[in-house]
Amino acid sequence: MSEVKVKKETNLSDPAEIENRIKELCQQFPHGITDQVIQNDMPHLEPQQRAMAINKLLSLGHLDLLRNSSGLLYRMKDAQTSSKMKGSDNQEKLVYQIIEDAGNKGIWSRDIRFKSNLPLTEINKILKNLESKKLIKAVKSVAASKKKVYMLYNLQPDRSVTGGAWYSDQDFESEFVEVLNQQCFKFLQTNHTAPRLTDRCSQVDLSMDDIETILNTLIYDGKVEMTVIAAKEGTVGSVDGQMKLYRGVNPVIHPTGLVKTPCGLCPVFDDCHEGGEISPSNCIYMTEWLDF
Amino acid sequence: MTAQEVRLCGLLLREHFGEVVAKVGTHLLRSGAQNLRTIIHETGISLDLVKKSLCVLVQHGTCVFSAGRKGPGSPTEYQTSCDRILRILRYPRYIYTAKTLYGDTGELIIEELLQRGHMTMSSTVKTVADRLTQNMEEGRSMDYSEVSSAFSKLVETHFLQRCPPQAGAGTKESSTPATPPTPESFPDCYKVPHMTLIGRGKRQLSSEDGEDQRNAKKAKLDLETHGDEGIYWQVNFERFHLHFRDQAIISAVANKLDQTSSEIVRTMLRMSEVTTSPTATCTKPLSANEIFRSLPSSYNIARPILDQYLTLLVDDPMEFVGKAGESGGGMYVVNLHRALANLARATLESVVQERFGSRSARIFRLLLRKRHLEQKQVEDFAMIPAKEAKDMLYTLLSQNLVQLQEVPKTPDFAPSRTFYLYTVNQLPTARMLLQNCYKTVANLIERRLFESRESKRLLEKSQRIEAILASLQASGAEPEQLTEVEEMITAPEKQQLESLRVHINKLDSAENQVDETIFLLESYVNSTATSTG
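Protein sequence lines correspond, in order, to chains A and B. Mapping the first sequence onto UniProt numbering, position 268 (from 1) lands on 268, and the numbers just tick up by one. Mapping the second sequence onto UniProt numbering, position 500 (from 1) lands on 500, and the numbers just tick up by one.
None of these hints come from the bench; they were simulated from the model. Where a beta carbon is used, it is the ideal one built from N, C-alpha and C, also for glycine. Please note that a few of the clues may not be correct.
[Said to hold, decoys possible] Calculated cross-link-like contacts (lysine-lysine; reagent style DSBU-like; alpha-carbon spacing at most 30 Å): (1) K223/A <-> K153/B; (2) K387/B <-> K223/A; (3) K387/B <-> K137/A; (4) K148/A <-> K52/B; (5) K115/A <-> K456/B; (6) K147/A <-> K23/B; (7) K52/B <-> K260/A; (8) K140/A <-> K52/B; (9) K147/A <-> K153/B; (10) K260/A <-> K244/A; (11) K284/B <-> K148/A; (12) K23/B <-> K52/B; (13) K105/A <-> K148/A.
[What the hints assert, rightly or not] Sample of chain B residues at the chain A side, in silico, Cβ under 7 Å: (14) R69; (15) G71; (16) G73; (17) C437; (18) V514.
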């Protein structure tokens, strides 16, 4: 670092001015600027000087370096974050960067270690630090209950982490699902004329997708059928010019004959032999059934 | 032929033909084609008894015999088939169907033919008429012509058929010695069972006639005068099965949609009854116009409504009815095989549902629908918590209702680099359930035998008392005497008899119910064999 500064001081033009100019440019183009833009703006500047200035800005955390199809892009960093990161050292910044990159999916502390090459104890310290500053938060993943993932404080966790509407505190709300499942079926039964996919009120906000998954479970229960029809764009419930219609159906057959006998439901069916320990003659299930 | 099938066959044979026949029958089932000598040697039953049991089996079409495989002159070999013996289980259903279609006469005709294997038309008609007369009031009788018209109706609708080796029996019967082991390599050896048939048939007839003589009005006509000697008739099981299949499809449509649509399907099936071959995957195409004309007028279905119903049936995911073309107001077919497959699938689902609960059934249906799924996907789609879903999947897997397919990313099958895909194979699962059904029926029969064995003494006692009562009543005894005899059965004994009756009835009806499942699964398995082959 000190070396850089020494080199800069040897330059004729004022490095601070160049930096300011670059910052201004960045503010003008919030999407980022390329090297070319800076070059056009300050044609007199030597490439070396330009590089020095950018390097300094980057090391101070004022600029972000991004890569896109046309080459490298420089972009102004959030003033807020940079202010938050004040007083943090480089390692902290690095970890913050990694967590930020992970987006709302979050990242596991072990993965942070791999990406940062820092020892785990160090990372734990940094994470605790960042957490106390309310820069990041730890979220428990539903996929593995013991696994904590970290993400930026202001982010809404992804569905894959929280499990969507069906989870509360990493626990699958099977009761809630069952109730919704039954309610949907009841609704379809009372509305015989192919009711449209409809959202219904409950304590939790359910999206169209959520209701669709519930309706799908009803399909797998064999209680409901779905038909897809073409619909005019803009009609309620239509997606990409098609509309899903659901309808309650009756079962095709009554419980089959086999399961009306005790043998059809017998847990020791395979061990049952005439003359054996378990046999039709001394079967208690059969006795109970006969006396029923 | 599986162990379960052989066990069930043995039980069925024992019930209908007795211990010896059952022993010979199961022996033949286990060891395939064998000649008489080997049978006697391996079963240790005397020649006479083996012969008689073979006669019984051949008479009932459960056993076929052919020239020995070791070339001309080698002893005749006997072979039985499970399929035919298992039909015995369905006898009540055949008889009931005949009753619903053709009344009491049809019922008795089928019953007689089933009980005796095969008979000539004249003797069938005679026996049935005698039996009907017996049940009528004094002074009335059943006309032979009525019975024979019912008989010909049954033949017309293919419910009865001639036995394959037809006429020309008379001469052979006299020339060929009536012993089964006669080594004959020409087809005339088929005549041997006819000989035995006449012997047995006559004995039964004469004994029955002896009883009947009091009531039967009919003068005893000579069998020889009917001129149909040597033409024997048997029940056409295939035709009955087609009827059952159609009924199953119709009732499924009625359950799924409504009565009207089931009537439309019934009409379609009836129209194509004659034109469609038994193994066809779907019926011959029928135009909407034809269907409309054939609909019984009592249904009051207007043409546009019929069109709507047909569209509805075609759109239904069960695909009972398909559209084959547009001509003639739309050509429609009934997808017989697909309907069977769907019904079999519903049966499998129902088994899983009843045995493992509706959530397992949800997983099962999900797998049927989506073919291959990983465990995680199953949990997500079925919306079942991971722990429960895992439990259910493993239970289903251990019962062989669900299969596991490993797809390794690397050739070493390391678990961490392998996809585990769950899937349901409908056909093997149906086969497995079919075996379970056989075992279940066998269990029910065993239990029934056990129940009656347990109260054997009591049953004998009640029979004796009933006999005494009947004879006393006939001789005109006084009421006090009758009540005295009646009281020989104590109240607890009566109760026991009653509960035994309930038990036996329950077991009997359960046997018939399981047989319905067997029928559906068997038809499905057979239909897949014919549609691929």
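Each hint tested on the structure:
1. With a C-alpha separation of about 43 Å, the suggested pair K223/A and K153/B falls outside the 30 Å cut-off, and the hint is violated.
2. The suggested pairing of K387/B with K223/A holds, with an alpha-carbon distance near 25 Å, which does not exceed 30 Å.
3. In summary, the hint linking K387/B to K137/A is supported, as the alpha carbons are separated by about 28 Å, within the 30 Å threshold.
4. Among the hinted pairs, K148/A with K52/B is inconsistent with the structure: their alpha-carbon atoms are about 81 Å apart, more than 30 Å.
5. Distance restraint check for K115/A and K456/B: the Cα-Cα separation of roughly 83 Å exceeds the 30 Å cut-off, and the hinted pair is therefore not satisfied.
6. Between the alpha carbons of K147/A and K23/B the distance comes to roughly 66 Å, so the proposed pair goes past 30 Å and is violated.
7. Only pairs whose Cα atoms come within 30 Å are accepted, and K52/B paired with K260/A is rejected, the gap being roughly 39 Å.
8. The suggested pairing of K140/A with K52/B is violated, with an alpha-carbon distance near 79 Å, which exceeds 30 Å.
9. For the proposed pair K147/A and K153/B, the alpha carbon gap of about 77 Å is over 30 Å, so the pair is violated.
10. For a cut-off of 30 Å, the pair hint linking K260/A to K244/A is broken: about 37 Å separates their Cα positions.
11. For the hint pairing K284/B with K148/A, the CA-to-CA distance comes to about 64 Å; that exceeds 30 Å, so the pair is violated.
12. Straight-line distance between C-alpha atoms of K23/B and K52/B comes to about 12 Å, which keeps the hinted pair within the 30 Å bound.
13. About 11 Å separates the Cα atoms of K105/A and K148/A, which keeps this hinted pair within 30 Å; it holds.
14. For the restraint placing R69/B at the interface with chain A, the shortest Cβ-Cβ distance is roughly 35 Å, beyond the 7 Å limit, so the hint is violated.
15. The interface hint given for G71/B is broken, as the beta carbon of that residue sits about 42 Å from the closest beta carbon of chain A, more than 7 Å.
16. A cut of 7 Å between beta carbons decides the hint on G73/B: the least distance to chain A is about 43 Å, and the hint is violated.
17. Using the Cβ-Cβ criterion of 7 Å, the hint placing C437/B at the interface with chain A is satisfied: the shortest such distance is roughly 5 Å.
18. At about 5 Å, the closest approach between the beta carbon of V514/B and any beta carbon in chain A falls short of 7 Å, and the interface hint on this residue holds.
When the structure is compared with the earlier hints, violations turn up for hints 1, 4, 5, 6, 7, 8, 9, 10, 11, 14, 15 and 16 and for no others.
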